[in-house]
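Student: The lines below spell out each chain.
Protein chains: 2
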Amino acid sequence: MNMNVHTLHEVVEISPEKQRVLVIDRKGDKRFWQDYDQLLIATGAKPSRPPLEGIDAANVYDVNNLVNGTKLKRALEKDRPRSAVIVGGGYIGIEMAEALHLRGMKVSLVQRSNQLMPSIDPDMAELLSHALVQQGLDVFLEETLLGFELKGDKASGVISDKQEICADIVILGLGVIPNSELAQRAHIALGPKNSIKVDNRQQTDTKNIWAAGDCAQAFDLVSRRPVHVPLGTIANRQGRVAGMNIGGKEALFPGIVGTAITKFMDTECGRTGLTERQLNELDYQYVSATVKGNTLPRYYPGSAPITVKVLAEMGSGRLLGVQIVGGQGSAKRIDTAAMALHAGFTLEDMLYLDLSYAPPFSGVWDPIVIAARIALKKL
Amino acid sequence: MNMNVHTLHEVVEISPEKQRVLVIDRKGDKRFWQDYDQLLIATGAKPSRPPLEGIDAANVYDVNNLVNGTKLKRALEKDRPRSAVIVGGGYIGIEMAEALHLRGMKVSLVQRSNQLMPSIDPDMAELLSHALVQQGLDVFLEETLLGFELKGDKASGVISDKQEICADIVILGLGVIPNSELAQRAHIALGPKNSIKVDNRQQTDTKNIWAAGDCAQAFDLVSRRPVHVPLGTIANRQGRVAGMNIGGKEALFPGIVGTAITKFMDTECGRTGLTERQLNELDYQYVSATVKGNTLPRYYPGSAPITVKVLAEMGSGRLLGVQIVGGQGSAKRIDTAAMALHAGFTLEDMLYLDLSYAPPFSGVWDPIVIAARIALKKL
Chain A
-1 MNMNVHTLHE VVEISPEKQR VLVIDRKGDK RFWQDYDQLL IATGAKPSRP PLEGIDAANV
59 YDVNNLVNGT KLKRALEKDR PRSAVIVGGG YIGIEMAEAL HLRGMKVSLV QRSNQLMPSI
119 DPDMAELLSH ALVQQGLDVF LEETLLGFEL KGDKASGVIS DKQEICADIV ILGLGVIPNS
179 ELAQRAHIAL GPKNSIKVDN RQQTDTKNIW AAGDCAQAFD LVSRRPVHVP LGTIANRQGR
239 VAGMNIGGKE ALFPGIVGTA ITKFMDTECG RTGLTERQLN ELDYQYVSAT VKGNTLPRYY
299 PGSAPITVKV LAEMGSGRLL GVQIVGGQGS AKRIDTAAMA LHAGFTLEDM LYLDLSYAPP
359 FSGVWDPIVI AARIALKKL
Chain B
-1 MNMNVHTLHE VVEISPEKQR VLVIDRKGDK RFWQDYDQLL IATGAKPSRP PLEGIDAANV
59 YDVNNLVNGT KLKRALEKDR PRSAVIVGGG YIGIEMAEAL HLRGMKVSLV QRSNQLMPSI
119 DPDMAELLSH ALVQQGLDVF LEETLLGFEL KGDKASGVIS DKQEICADIV ILGLGVIPNS
179 ELAQRAHIAL GPKNSIKVDN RQQTDTKNIW AAGDCAQAFD LVSRRPVHVP LGTIANRQGR
239 VAGMNIGGKE ALFPGIVGTA ITKFMDTECG RTGLTERQLN ELDYQYVSAT VKGNTLPRYY
299 PGSAPITVKV LAEMGSGRLL GVQIVGGQGS AKRIDTAAMA LHAGFTLEDM LYLDLSYAPP
359 FSGVWDPIVI AARIALKKL
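Read top to bottom, the protein sequences are chains A and B.
Under the numbering used here, the first residue of the first sequence carries the number -1, and numbering increases by one thereafter.
Under the numbering used here, the first residue of the second sequence carries the number -1, and numbering increases by one thereafter.
Everything labelled a hint here was simulated from the structure, so no lab data went into it.
Every value quoted in this text rests on a predicted model; they were computed, and no experiment measured them.
Among the hints, a few may not be true.
Repeated chains share a single entry, so a pair holds when one copy, or any two copies, can fit it.
[Stated by the list, open to error] In the DSS-like style, the derived pairs of lysine-lysine whose C-alpha atoms are separated by at most 27 Å in a straight line are:
#1 Lys205 <-> Lys44
#2 Lys76 <-> Lys375
#3 Lys247 <-> Lys376
#4 Lys247 <-> Lys375
#5 Lys149 <-> Lys76
#6 Lys290 <-> Lys375
#7 Lys152 <-> Lys44
So here's chain A without its partners, still in its complex pose (with noise of 0.2 Å):
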């Protein structure tokens, strides 16, 4: 294969039928078209912006990429700024507000739903937004973002329907959308909140066009449905698999289980499979069961608490999701359940798993593990 390079240009039009793709030059506003044999879209996803006045001001930041990301490094070291409001409690803004609060910022962080992390259930949720509090953080749920105040082309705060907050800067954190248009104008099915739909090659329903990545769909192994989950573990393995089968090698993509992991601090929190909120608007029949563990033997230096939350199928038992919220060492452990998720393994086959054992690294019985026994009798 011949490899051509064009960087700072960009595809405004895809023709499938005619196998090309119309090409600007950013530089200098040429425009070209460009045959293909195969073509990948890798378009990722963009941060979501609400309409607000105010929204463009140099000191109201997305982080979604590395431009973005130096960009407020850059600004955080120059203006060393002492307050920011983070709008948004999912992953970019937990991970945000910890940058910053080490940084030695004040942090607000404003949050439409009522709980941190959505990808969580409302009870795991509260663990964490309690280490927020605990370490001097504000944490407003239920207030949605409504615009900024404005002093010249900064923003001096943020307006919720509940208070104004300020704040020497604004951190965007409002989840992403696929950069999918492209894909719609040439007429490339959709998937779920418009990712672009592939099989499990990476094609879309389009003749020699793949996607893969934050644009992408994914298919969810537990619910077996088509999902939009943009993280980068996904984007990487997508990404592999649509270049095996573009080069001409055979490679599927199963699918993901939905594994996720972050911190703030020392609080950790990692999730697996469905969340009750899930299970619910897909009408499974589930069972629960918490249980609140140490994440080393009790004697041992170190030891932190560790909460573990496992559902699983009513009847069958068969495991549907596992949430962690804890302290270090706690979340990495969501892997075991991952692996039993991918195994389609019930609540009976996890009560006697071998793991692994020594007092500098856990207890005799994993918490996940009590917890499997704990709803196995609720079946």
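Place chain B on chain A using the hints.
Tutor: Coordinates of chain B only, in the frame set by chain A:
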């Protein structure tokens, strides 16, 4: 059920025909027969002690139970010994090496075989050995304990087939032997290494007699063979299963996959499944791949090296074993591999696992997955 608790009593004979045991009162030296409906043998294991002159010296320590451990700890605090020789380089040897090194003692470790930690392969054990040497410990491989230097009622060092090593105390970590003589004398069937033979309910071959823990065999789910693996995790699981069955509830212990974990200072070590040595003994045809990576993205603070070795069956690609040696946050990842073994996964099944990723926790591709990918090419 009535409960009589006899402490300081010892069963010295089992009569399965008459369903009774002969008990000695170790205080008063009385003997009496006690009837049973169900009998559980949970006699554990005893440290291997070669019959060498001086092995009973006051400063030669086993560390196989709480009494021994407390005795050693008190001696360390009272006598403040400055040097120790540890005989044996398995879990106990390595963990004692850490404990004594942390107390500022000069520690030498003598190991009969040509590697530390015979439960992992030599190439991986070498990484662990390196960690000990780097911390200033003396590691003597391929040296056999022949005896002790004696000074009055104390050992002043050990004599190997190659040298004499002076030390204030000696720690024995030569492995354990199932306490199964009682069962053997009652003609209860034994399994590997004279452990008591049990089925998946923990029942012995003899009516109403059960066994669990370090005295009993376990079933290895990878090799599909009975094994003797005296670890706390297995003992706990077997005890639970035996107890439930004796108490009238049905419980099955499916078996183990051979997961274990330990550490020396910042170097962690995890293993599950079969090693190359075991695979060769069992005549498996297998492929192997070893990957050196980092626990976290290289740019993230706290990232440490991690080496992962994956073994899989030639042809089928069935995962057979995984070993990990690396820095902080390495070894507990062995649970992912343990789950894969429980699920009977092939290398192919491992390629796109949805494992958790965020920079404070891991890279986008887990080294286990990368190693599986490389091993897959060798099938």
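Student: Each hint needs a verdict: does it hold in this structure or not?
Tutor: Structure-based check of each hint:
Within a single copy, Lys205 and Lys44 get their C-alpha atoms as close as 26 Å, which meets the 27 Å cut-off; across copies the closest is 69 Å, which misses it. Taking CA atoms no more than 27 Å apart as the test, Lys76 paired with Lys375 passes in neither setting, with 58 Å inside one copy and 50 Å between copies. For the homomeric pair Lys247 and Lys376, the shortest alpha-carbon distance between copies (17 Å) is at most 27 Å, but the shortest distance inside one copy (47 Å) is not. Within a single copy, Lys247 and Lys375 get their C-alpha atoms only as close as 47 Å, which misses the 27 Å cut-off; across copies the closest is 13 Å, which meets it.
In this homomeric assembly, Lys149 and Lys76 come within 27 Å of each other (Cα to Cα) only inside a single copy, at 19 Å, whereas the closest approach across copies is 71 Å. With identical chains, the CA atoms of Lys290 and Lys375 are at most 27 Å apart within one copy only, with a shortest distance of 17 Å there and 43 Å across copies. For a Cα distance limit of 27 Å, the shortest separation of Lys152 from Lys44 inside one copy, 22 Å, qualifies, whereas the shortest one across copies, 74 Å, does not.
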